[in-house]
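Throw the hints in and build the complete structure from the sequences for me.
Those protein sequences? They're chains A and B, same order as listed. So the first sequence is numbered by this note's numbering: it starts at 363 and just counts up by one. So the second sequence is numbered by this note's numbering: it starts at 363 and just counts up by one.
A few of these clues could be false.
[As the list claims (entries may be wrong)] On the chain B side, residues computed to face chain A include the following (Cβ under 10 angstroms): (1) M363; (2) F366; (3) N367; (4) R373; (5) V374; (6) D379; (7) D529; (8) P540; (9) T576; (10) G582; (11) R585; (12) W609; (13) S612; (14) C621; (15) G622.
Since the hints were made in silico from the structure, they are not lab data. Each residue gets a CB set at the ideal place from its N, CA and C atoms; glycine is no exception.
What follows is each chain in one-letter form.
Number of protein chains: 2
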Amino acid sequence: MFAFNYFTPTRVVFGRDTEQKVAELIKTFGGTKVLIHYGGGSVVRSGLLKRVTDTLDAAGIAYVTLGGAVPNPRLSLVYQGIELCKKEGVDFLLAVGGGSAIDSAKAIGYGVANGGDVWDFYDYKRKAAGCLPLGVILTLSATGSEMSDSSVITKEEGQIKRGYSSDFGRAKFAIMNPELTMTLPDYQTACGCADIMMHTMERYFTNGGNMEITDAIAEGLLRTVMTNAEILVKDPKNYDARAEVMWAGSLSHNGLTGCGSDGGDWMTHKLEHELGGLYDVAHGAGLTAIWGSWARYVYKNCLPRFRRFAVNVMGVEPTGSDEAVALKGIEAMEAFYRRINMPTNLRELGVKPTEDELVTMAHKCAVGVGGAKGSARLLKEADMLAIYRASL
Amino acid sequence: MFAFNYFTPTRVVFGRDTEQKVAELIKTFGGTKVLIHYGGGSVVRSGLLKRVTDTLDAAGIAYVTLGGAVPNPRLSLVYQGIELCKKEGVDFLLAVGGGSAIDSAKAIGYGVANGGDVWDFYDYKRKAAGCLPLGVILTLSATGSEMSDSSVITKEEGQIKRGYSSDFGRAKFAIMNPELTMTLPDYQTACGCADIMMHTMERYFTNGGNMEITDAIAEGLLRTVMTNAEILVKDPKNYDARAEVMWAGSLSHNGLTGCGSDGGDWMTHKLEHELGGLYDVAHGAGLTAIWGSWARYVYKNCLPRFRRFAVNVMGVEPTGSDEAVALKGIEAMEAFYRRINMPTNLRELGVKPTEDELVTMAHKCAVGVGGAKGSARLLKEADMLAIYRASL
Numbered sequence: 363m364f365a366f367n368y369f370t371p372t373r374v375v376f377g378r379d380t381e382q383k384v385a386e387l388i389k390t391f392g393g394t395k396v397l398i399h400y401g402g403g404s405v406v407r408s409g410l411l412k413r414v415t416d417t418l419d420a421a422g423i424a425y426v427t428l429g430g431a432v433p434n435p436r437l438s439l440v441y442q443g444i445e446l447c448k449k450e451g452v453d454f455l456l457a458v459g460g461g462s463a464i465d466s467a468k469a470i471g472y473g474v475a476n477g478g479d480v481w482d483f484y485d486y487k488r489k490a491a492g493c494l495p496l497g498v499i500l501t502l503s504a505t506g507s508e509m510s511d512s513s514v515i516t517k518e519e520g521q522i523k524r525g526y527s528s529d530f531g532r533a534k535f536a537i538m539n540p541e542l543t544m545t546l547p548d549y550q551t552a553c554g555c556a557d558i559m560m561h562t563m564e565r566y567f568t569n570g571g572n573m574e575i576t577d578a579i580a581e582g583l584l585r586t587v588m589t590n591a592e593i594l595v596k597d598p599k600n601y602d603a604r605a606e607v608m609w610a611g612s613l614s615h616n617g618l619t620g621c622g623s624d625g626g627d628w629m630t631h632k633l634e635h636e637l638g639g640l641y642d643v644a645h646g647a648g649l650t651a652i653w654g655s656w657a658r659y660v661y662k663n664c665l666p667r668f669r670r671f672a673v674n675v676m677g678v679e680p681t682g683s684d685e686a687v688a689l690k691g692i693e694a695m696e697a698f699y700r701r702i703n704m705p706t707n708l709r710e711l712g713v714k715p716t717e718d719e720l721v722t723m724a725h726k727c728a729v730g731v732g733g734a735k736g737s738a739r740l741l742k743e744a745d746m747l748a749i750y751r752a753s754l
Numbered sequence: 363m364f365a366f367n368y369f370t371p372t373r374v375v376f377g378r379d380t381e382q383k384v385a386e387l388i389k390t391f392g393g394t395k396v397l398i399h400y401g402g403g404s405v406v407r408s409g410l411l412k413r414v415t416d417t418l419d420a421a422g423i424a425y426v427t428l429g430g431a432v433p434n435p436r437l438s439l440v441y442q443g444i445e446l447c448k449k450e451g452v453d454f455l456l457a458v459g460g461g462s463a464i465d466s467a468k469a470i471g472y473g474v475a476n477g478g479d480v481w482d483f484y485d486y487k488r489k490a491a492g493c494l495p496l497g498v499i500l501t502l503s504a505t506g507s508e509m510s511d512s513s514v515i516t517k518e519e520g521q522i523k524r525g526y527s528s529d530f531g532r533a534k535f536a537i538m539n540p541e542l543t544m545t546l547p548d549y550q551t552a553c554g555c556a557d558i559m560m561h562t563m564e565r566y567f568t569n570g571g572n573m574e575i576t577d578a579i580a581e582g583l584l585r586t587v588m589t590n591a592e593i594l595v596k597d598p599k600n601y602d603a604r605a606e607v608m609w610a611g612s613l614s615h616n617g618l619t620g621c622g623s624d625g626g627d628w629m630t631h632k633l634e635h636e637l638g639g640l641y642d643v644a645h646g647a648g649l650t651a652i653w654g655s656w657a658r659y660v661y662k663n664c665l666p667r668f669r670r671f672a673v674n675v676m677g678v679e680p681t682g683s684d685e686a687v688a689l690k691g692i693e694a695m696e697a698f699y700r701r702i703n704m705p706t707n708l709r710e711l712g713v714k715p716t717e718d719e720l721v722t723m724a725h726k727c728a729v730g731v732g733g734a735k736g737s738a739r740l741l742k743e744a745d746m747l748a749i750y751r752a753s754l
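The structure is reproduced here in structure tokens:
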């Protein structure tokens, strides 16, 4: 059992119609000039953006808007947002959307509050000393960015996807209305569920001593997301299922499911980041396409956890050798991915990298993690390449 | 499933020797003159207080000290603390101890920040508009006050015990070193475990629709505390068991185990508060002495939850009628209380109220809750009296 810090200051306002409280919340945190940052046209088409601006107008809060945040959000838009904030004297950021809009807003916040080139933070060259205050109206349950300290940005030049984590970037508030996620395409809903589960699984598969209560929370969270992800395949407008997934998404990545562990493994994420940088695939789908190959490559080095996962999460009967039970757990997870129409390899993901591209991804991944990384099993460049090859 | 707010801004610093970070944390939150508030002599005898003041001395942070917070902390000491803070220009409160010192410090903080009579808040006459910033070094896992919004104070005149909850009272940081709880008397350790469990059980036994993930967390938390409470009966210095209980204590009462519920039942607490006001018994022991009688009085009105509790928490086989399974769950919980040497009725608690006293307690309890309260079953004064009688 390891020491830990736990810091989740984000004020969560959860339930139907909660977006109506946005102006009141912005005022609570001192915002007077807001940049509303969002992604594609769905928040415009759904009328959500208008409802938000109407609320701000009624409350006398000034704002400017910036749309265009895309999955794997781009550094160029972040630069644009920083300039806009400086020009307009913005003192509060409001992200309306999912992880792309939130991560992009966090990067804008770091850029405005710290000056210099914001990519420095994502390039591990310096640490942020602050961030513009940020609020969130969540429309997609996936990245957990609404309560997490992390953000991921892609630099177009060289297709480099990097994450930066800082407590300064944690949102002041997160408005979570499960109804706002009901119009998502089924594929995005499933990708979100996969991403949510992986945030806990990355923390769960370690050789560090997890805490019992943390394990119980992690296992309960995974079971809950699986149950409700399957409900949403058939009944996408099920409020309760949307709500379970939405709250699980925040708890999965705010630190709770890692308290007392060694920090977790995180190699599935790192391997997927290179894939996402190269192909612009949906993050959740990239994760499930890699996970099975990663799990089979590492499970013997982390057998107690994989066995426990099989029994407590996947419902595998605890009979036979530990290895057999663990493998059944991996197979059961892949079967679940298929039931929610997620890929279990790169072919199903729809990408076909050449051997040269695999080598390049493995190299970039190894450089990105400083040579080697992983708690379930420490992976070096050759291991990464082997997993990429196995995932074809 | 109900809407909810979730707000847990407390920065948790968990692990061995974490009390060494206290000066750094106080500085982070702007404290320049600190009131160190503690309870009995144990923090003096153990050397903890000296380690804390040495750390503040080394960091050049000024402080005054005020000991004497007792279980069921007294209003008179709160008044004394408020005067001391005003006289000395205190701008930060540091509670070193368990719930008594923390709750007393919260009340001092409300008094200093709001002026007027601090009892007004506990008497439901007005709401706090602020609180002096508060940090905690936790030495007893029980009340969860280190992350909760609540505090309970007893007014000596009339022996009135009342709680007040406000987000302003949430601690800025909580230092949690499980080793600091190792020297507790076994009875206090067990009382703490009982209190921790009850904070989740009060939220769990409702007729409102709980969320699945909240239920999974609640059930996992209860199982974890039970397992480790029994370990601590035999092995009080077991670090991992102390750590599980300590972290469970914070999660049990910071709001997490109630997200999506109707707010919970809370009648066991209310019934115990009157007992605590009259007899000065340990809170946790008072709770277990009441719980069985409460549970048997209400379970038929909340059968699905009591059945689920029996199966998922107490490990009862789900065979036979729902009522039979539910009753077995209640019996199993009482058996657990006995295994950790906690009372299951007032006789075992060591108190023998007269019929007049029972009537008075029921009346005060009913007045305290505004006539009637309870989600598992709505209880009025006559119900409260019946439960008190059954608990003799």
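Status of the hints after comparison with the structure:
A distance limit of 10 angstroms between C-beta atoms decides the matter here; for B/M363 the minimum to chain A is near 5 angstroms, and the interface restraint holds. The beta carbon of B/F366 is positioned within 10 angstroms of a beta carbon in chain A (closest approach about 5 angstroms), and the interface hint is therefore held. With 10 angstroms as the threshold, the beta carbon of B/N367 comes within range of chain A, its nearest partner Cβ sitting at about 6 angstroms, so the hint holds. Because the closest C-beta pair between B/R373 and chain A is about 5 angstroms apart, less than 10 angstroms, the hint holds.
Interface restraint check: B/V374 against chain A, minimum CB-CB distance 4 angstroms, threshold 10 angstroms, status holds. With 10 angstroms as the threshold, the beta carbon of B/D379 comes within range of chain A, its nearest partner Cβ sitting at about 9 angstroms, so the hint holds. The closest approach between the C-beta of B/D529 and any C-beta of chain A is roughly 9 angstroms, which is under the 10 angstroms cut-off, so the hint is satisfied. Because the beta carbon of B/P540 sits about 9 angstroms from the nearest beta carbon in chain A, less than 10 angstroms, this interface hint is met.
A cut of 10 angstroms between beta carbons decides the hint on B/T576: the least distance to chain A is about 8 angstroms, and the hint holds. Annotation: B/G582 was flagged as interfacial toward chain A, and the flag holds, the nearest CB pair being 3 angstroms apart, inside 10 angstroms. Interface restraint check for B/R585: the shortest CB-CB distance to chain A comes to about 7 angstroms, inside 10 angstroms, so the restraint holds. A cut of 10 angstroms between beta carbons decides the hint on B/W609: the least distance to chain A is about 6 angstroms, and the hint holds.
The beta carbon of B/S612 is positioned within 10 angstroms of a beta carbon in chain A (closest approach about 9 angstroms), and the interface hint is therefore held. Taking 10 angstroms as the C-beta cut-off, the interface hint given for B/C621 holds, the closest approach to chain A being about 7 angstroms. For the restraint placing B/G622 at the interface with chain A, the shortest Cβ-Cβ distance is roughly 7 angstroms, inside the 10 angstroms limit, so the hint holds.
Taken one by one, the earlier hints all hold for this structure without exception.
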